[in-house]
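Heads up, the sequence shown is in the numbering used here, so the first residue is 1 and it goes up one at a time.
Quick caveat, the hints were computed from the structure, so don't treat them as lab data.
Some hints here could point you the wrong way.
As the list claims (entries may be wrong) - Keeping only pairs whose Cα atoms sit at most 25 Å apart, straight-line, the calculated SDA-like set for lysine to any residue is:
no.	residue 1	residue 2
1	Lys13	Ala38
2	Lys264	Asn212
3	Lys13	Val28
To be verified - Cβ pair distances, simulated, as ranges:
no.	residue 1	residue 2	range
4	Ile108	Leu9	27 to 33 Å
5	Thr215	Ser8	40 to 46 Å
6	Arg160	Ala30	32 to 38 Å
7	Leu7	Ile97	28 to 34 Å
8	Ala104	Leu47	14 to 20 Å
9	Asn183	Arg160	37 to 43 Å
10	Ala70	Thr220	52 to 58 Å
11	Ala210	Arg17	20 to 26 Å
12	Ile73	Ser8	33 to 39 Å
In this text, all values refer to a predicted model and were calculated from it rather than measured experimentally.
Beta carbons: idealized from backbone N, C-alpha and C, even for Gly.
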Amino acid sequence: MLARLILSLTAIKLLQRKSDRDWIFLYVMAFFQVLLAAGMSISALYLASLVAFVFVMLSTIVVFEARKTAASIEELENFRHGSLTKSGVSARRLPVIAATLLAAIIIIAIPTFFFLPRVGGAGIGAGEGGVSTATGFSDTVRLGNFGRITQSDEVVMRVRLDAMPEDISEMKWRGIALDIFDNQSWRRSRPALRNVFERRGADVIQLDSAGNRETLLLQTFYVEPIDATALFNLPRAVAVQAPVPFVHRDVQDSFFFQRSGERKSYRVFSNLSRPHPDVLPN
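Please construct the entire structure, taking both the sequences and the accompanying hints into account.
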């Protein structure tokens, strides 16, 4: 939605008569488009494209300011002496000025990048490998990695609750279960899919009957790039709101969706009601 808005504003402004302020607006919109591309995927190719874009943008700003200043000086000189004067930036000096500014920006940005706090998964190539092997959130965990899991401080996901349950100690997020051990690694078996829930026009995918609405809890998940395709939830999930066409459920009542390799956000409605002990099977 934000990308479409920026593209629409840029297209409208390009078709209008533009003043100096309008050109500055177009420069800012172009920079925001590059930032939006960074949110989709960060790679070495994107880094090279970003450096080239910044170099061209700096050259454009230098020329823009030079022409603007030259026009002001020319108008002032014509008013004073009635003679026409020409000034500006030499074509040979322009790349040198732009390269100098770019080098200064990089020198300042590199230490700033390392000093600023970053969430897990940030950096070049984060969308490809993910952070799952360091945190245990994958379909396979090799023997010996459990120590890394307990010592890791990486952020895998954040969860926001619509309301705080009375008993927080019993809250457990359900994801995947590793049920096979081959003396080298734990892995998840490939059980047959029991159900496929498709989106049918609405934004919410219905997973089960809601029951009593007073016992429903809304959870909003912000998940970093991980290798697992599990849909985390508090049992019992009844609906999910996510930008996916369908959700799978296996015979172990675990939910999965398509692997994206990027940060994702989704909302899950869970029914926290517990059945009465008398109705449970012996």
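Kindly indicate which numbered hints from before are broken by the structure, ordering the numbers from low to high.
2 and 11
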